[in-house]
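Using the hints provided, position chains B and C relative to the given structure of chain A.
Below, each chain spelled out in residue letters.
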Amino acid sequence: MHMANELLSVPVATGAMAVAGTGLGWICKKVRQELTSEKVALMGVLGAFVFAAQMVNFQLPMMPGTSGHLIGAVFLAVMLVGPHLAAVVLSSVVIIQCLLFQDGGLLAIGCNIVNIAIVPSYVGYFVYRTIVSERKNKVRLFIAAIVACVFAAEAGSALVVVEAIISKVLLVPVGTFLATMAGVHLLVGVMEGLITVAILSYLTAVRPDLIEGMTGEGMFSRKTAILSLVVITVITAAGFSLLASSKPDGLEWSYLERPEQPDFKPLIANDDPRIKSADELHSKIALMPDYTTRGASEEHPVSAGWTSLAGIVGSMVCMGLIWLSAKLLGPTKTAA
Amino acid sequence: MHHAYLDKYADGDSFFHHLDSRVKFLAAVVYTILVLSLPRDHPAVVVCYAVAPFAVLVWAGIPLWFVLRRILMVSPFVLVLALSCPLYDKTPYPVVFGKISFWLTGGWLRCFTILAKFVVTMLTLFALVGTTRFADLLAGLQWMRFPDVLVMQLGFLYRYLFVLVDQVHHILLARSARKFHPLGFRREMKIAAAMTGSLFIRSIETSQRIHIAMQSRGFTGTFHSLRHTRIVLRDIIFLLGFLAVCVLLHGWVRHIFM
Amino acid sequence: MNFAVEIQNFSYSWPDGTKALRQINLTIEHGQKVVLVGPNGAGKSTLLLAMGGFVRGTGKILIDGIEVCPANVKKIRMLLGCCMENPDDQLFMPTLYEDVAFGPLNMGLGAEEVKRRVEDSLRKVGLEAMAHKTPHHLSAGQKRAAAVATVLSMSPKIITFDEPDGGLDPRNRNNLVRLLRELSQTLIIATCDMRFAAAVADRAVVMDNSCIVADGPVAEIFYNGELMASHGLETP
Chain A
1 MHMANELLSV
11 PVATGAMAVA
21 GTGLGWICKK
31 VRQELTSEKV
41 ALMGVLGAFV
51 FAAQMVNFQL
61 PMMPGTSGHL
71 IGAVFLAVML
81 VGPHLAAVVL
91 SSVVIIQCLL
101 FQDGGLLAIG
111 CNIVNIAIVP
121 SYVGYFVYRT
131 IVSERKNKVR
141 LFIAAIVACV
151 FAAEAGSALV
161 VVEAIISKVL
171 LVPVGTFLAT
181 MAGVHLLVGV
191 MEGLITVAIL
201 SYLTAVRPDL
211 IEGMTGEGMF
221 SRKTAILSLV
231 VITVITAAGF
241 SLLASSKPDG
251 LEWSYLERPE
261 QPDFKPLIAN
271 DDPRIKSADE
281 LHSKIALMPD
291 YTTRGASEEH
301 PVSAGWTSLA
311 GIVGSMVCMG
321 LIWLSAKLLG
331 PTKTAA
Chain B
1 MHHAYLDKYA
11 DGDSFFHHLD
21 SRVKFLAAVV
31 YTILVLSLPR
41 DHPAVVVCYA
51 VAPFAVLVWA
61 GIPLWFVLRR
71 ILMVSPFVLV
81 LALSCPLYDK
91 TPYPVVFGKI
101 SFWLTGGWLR
111 CFTILAKFVV
121 TMLTLFALVG
131 TTRFADLLAG
141 LQWMRFPDVL
151 VMQLGFLYRY
161 LFVLVDQVHH
171 ILLARSARKF
181 HPLGFRREMK
191 IAAAMTGSLF
201 IRSIETSQRI
211 HIAMQSRGFT
221 GTFHSLRHTR
231 IVLRDIIFLL
241 GFLAVCVLLH
251 GWVRHIFM
Chain C
1 MNFAVEIQNF
11 SYSWPDGTKA
21 LRQINLTIEH
31 GQKVVLVGPN
41 GAGKSTLLLA
51 MGGFVRGTGK
61 ILIDGIEVCP
71 ANVKKIRMLL
81 GCCMENPDDQ
91 LFMPTLYEDV
101 AFGPLNMGLG
111 AEEVKRRVED
121 SLRKVGLEAM
131 AHKTPHHLSA
141 GQKRAAAVAT
151 VLSMSPKIIT
161 FDEPDGGLDP
171 RNRNNLVRLL
181 RELSQTLIIA
191 TCDMRFAAAV
201 ADRAVVMDNS
211 CIVADGPVAE
221 IFYNGELMAS
231 HGLETP
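Protein chains in written order, with the working numbering: chain A, 1 to 336; chain B, 1 to 258; chain C, 1 to 236.
There could be a bad hint or two in this list.
Said to hold, decoys possible - Below 35 angstroms or equal to it, Euclidean Cα-Cα: the simulated DSBU-like pairs (lysine-lysine) are:
hint, chain 1, residue 1, chain 2, residue 2
1, A, 39, B, 190
2, A, 138, B, 179
3, A, 138, B, 190
4, C, 19, C, 74
5, C, 124, A, 39
6, A, 168, C, 115
7, C, 75, C, 33
8, A, 39, C, 115
9, C, 133, A, 327
10, C, 133, A, 30
11, C, 74, A, 39
12, A, 327, C, 124
13, C, 124, C, 157
14, C, 60, C, 133
15, A, 30, C, 75
16, A, 29, A, 327
17, A, 39, C, 75
18, C, 124, B, 8
19, A, 138, A, 39
20, A, 29, C, 75
21, C, 33, C, 124
22, A, 29, C, 133
23, A, 168, B, 90
24, C, 157, C, 74
25, C, 115, A, 29
26, C, 19, C, 124
27, A, 29, C, 74
28, C, 60, C, 19
29, C, 74, B, 8
30, C, 74, A, 30
31, B, 8, A, 39
32, C, 19, A, 138
33, A, 30, C, 115
34, A, 39, C, 19
35, A, 39, C, 157
36, C, 19, C, 157
37, A, 327, B, 8
38, C, 33, B, 8
These are computed hints drawn from the structure, not numbers from a lab.
Isolated chain A, as found in the complex (with noise of 0.2 angstroms):
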């Protein structure tokens, strides 16, 4: 579920790295404020639990040869520590997922924060502070876990697709992408959900006093989590719906040519010459010259094939060039 930065736009990547960095910043202010080093320890090792805790592994029916693991923010979030804390671990396991293990790239790092770690934490919370009552019934714990599990999984995973369309850099049509993705995050949720459940009678068999101090009661009331549920479901209905749509946005409608209706006079043509060197211009100064405004693709018919190779070729000889150097300068010292 990890965003790499190549599925990504620029423009989206760095919007996502803002949200996320506000997002964050919000969020570790507000940790800051009832932060203990008994809170601190535990936030720490936590996010160490979630990576070892995806180690565990086991037999999935009917898929032979792959597992299923757990991946932790419901858990985390709904269980122990609050959405909020759980965030914040959650974001650190993708920070260290990225520059330790390099799965998700740089620049993705704000969209995988807010696909994995954000979102996820939140909803998650919401939903099973929905179906939990007060009085600590064991089987709607349960399936408010599964519940939530399936609905956090479902929600980072909608936000993947939603950046990759906006992003453009892939061609899968968004319904195809919506429902393979959403298909498999619901399966992925369900798992999820049920190993959750499966930790959580094995704690409260062997420590139900852990169990005691858990499920994150207090940290917002149940009206709360139910309103923040409602207002999520139509900010998404809205979101989608607008990009469902095949009309052109209500700027570009405006003054693009429209076949449909012949005697509508644009105000500038396509293919009018100022059009086509303000392009020309942009393209050349430009640093992103990929964003473009007008949603003409790119027209790079590749017929110089030997120019291509040559870079192809260039850069290989280069870089053995730079790799002999390498081996003539004698071997680096690095540190055992």
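Showing chains B and C alone in chain A's frame:
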């Protein structure tokens, strides 16, 4: 566990290892942005951008086989999605080599471009983390005004990651010593849950002891920081070189192929 | 002149009711090196926690004349340092340098002073070269020494050790013995290893079943075969 990770190369002694972590971080981010902003269906240009991080890796003494193997390990998701492109864009583009010409679809060009960008940005990431000690990277992040809480959290996670992963290795070993064949979904799940549950309990207990250790050394809720790194001549030289490379690539090389 | 540690009728029970410490009375003078020996579960670790103010029971504990209570916690922490059983719990920063600096920084000392203390402590335990390593790169013996350094940098008057020789091979154990003997602070060391105890300390306090059953010079106590056997211990 500690042997398989990039950590050990970060302790090296090259020019790049001694650069300030903030400078390297900035360079990595800027370079990644440049690569990502290249056109979506021009793989050849992207390959040219591979030279710079490749050079850093080689001159810093980081083994390439290690880097390539790790890139391979994290590629599945991107690979699958990149390979979806040829399915959706079948516009043919001619590729001409004098007399010989063949056709490539736009989808394949996109696919190759995505993959090329992936490799180059990965090389850049490796160039960054392979030459920078994690603690120094953290100090750089702190200087960039990352929230205290997050920096402390990253430090702790890093510190205890290896401890817990070692524990998991032992637990998994114990399981494989006593379980010889799959036992059916329910039992497998129960066993995995018990293993994870006991790992969890140990984690909580560890965190409680750490909390005592922190208290006994006077922790009261504020994080104090030690680090004050300075930008020296070496960093300026690197920055100038980096700038030159960027101008060369983005201002000149890029236009040759477009 | 205050005693380093003065415990008066201290008792403590765990939350579930089991008695952990019963009517403990103990005085330790400045500069003494005392070992706490006893079978597993005798209450040695709990007594050390109590001295550090981490558990609150009935009775009084005075560290250098200051009573251990919530109001005095800050002063107690600066006077008494704790070396825990598992160095991994004590080395929680990404690098050794930061771990050793953690205490002095929390004490509010300036950057120069902190630097000096860190370098001094690391030199004392022989780990100056490892300052920028992550703890998981250290060997068991080095981790143990590092844990001591993290406490030394706070310049406490008293240091407690909970089974410091655990998991050490003979060479590392001897290094630890040498280090402990060189320290000028008052040391209170809980251990099950009689040989180690005899090498490090002059005075022995035997605990069994949550109380102190014997207290005297090492030579007397440890070579009293009957006493040792009756409490599940052995002579060195």
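- Message: Hinted pair, alpha-carbon criterion (35 angstroms max): residue 138 (chain A), residue 179 (chain B). Please report holds or violated.
- Response: holds, 31 angstroms
- Hinted pair residue 19 (chain C) and residue 124 (chain C), Cα distance within 35 angstroms: violated, 39 angstroms
- Message: Next pair to validate is residue 19 (chain C) with residue 138 (chain A); report whether the Cα-Cα distance is within 35 angstroms.
- Response: Given that 35 angstroms is the threshold and the Cα spacing comes to 34 angstroms, the pair holds.
- Taking only the CA atoms, is the gap from residue 138 (chain A) to residue 190 (chain B) under or equal to 35 angstroms? Given that 35 angstroms is the threshold and the Cα spacing comes to 18 angstroms, the pair holds.
- Item | Hinted pair residue 39 (chain A) and residue 157 (chain C), Cα distance within 35 angstroms | holds, 29 angstroms
- Item | Hint consistency between residue 30 (chain A) and residue 115 (chain C) [alpha-carbon to alpha-carbon, up to 35 angstroms] | holds, 32 angstroms
- Message: So if I understand the rule, the pair passes when the alpha-carbon distance is 35 angstroms or less; does residue 74 (chain C) with residue 30 (chain A) pass?
- Response: With a Cα-Cα distance of about 26 angstroms, the restraint between residue 74 (chain C) and residue 30 (chain A) holds, given a limit of 35 angstroms.
- Message: Next pair to validate is residue 124 (chain C) with residue 157 (chain C); report whether the Cα-Cα distance is within 35 angstroms.
- Response: Distance ~16 angstroms between residue 124 (chain C) and residue 157 (chain C) Cα, so the pair holds.
- Task: Take the C-alpha atoms of residue 33 (chain C) and residue 124 (chain C), compute the straight-line distance between them, and say whether it is at most 35 angstroms.
- Result: Roughly 18 angstroms between the alpha carbons, so the hint for residue 33 (chain C) and residue 124 (chain C) holds.
- Agreement of residue 29 (chain A) and residue 74 (chain C) with the hint, judged by alpha carbon distance not exceeding 35 angstroms: This hinted pair holds, its Cα atoms lying about 26 angstroms apart.
- Would you check the hint for residue 19 (chain C) and residue 157 (chain C), treating anything up to 35 angstroms between C-alpha atoms as holding? Holds. Residue 19 (chain C) to residue 157 (chain C) sits at ~30 angstroms (cutoff 35 angstroms).
- Item | Given hint residue 39 (chain A) paired with residue 74 (chain C) - CA-CA distance at most 35 angstroms | holds, 20 angstroms
The structure fails hints 6, 12, 14, 16, 26, 29, 38 (numbered hints given earlier, in ascending order).
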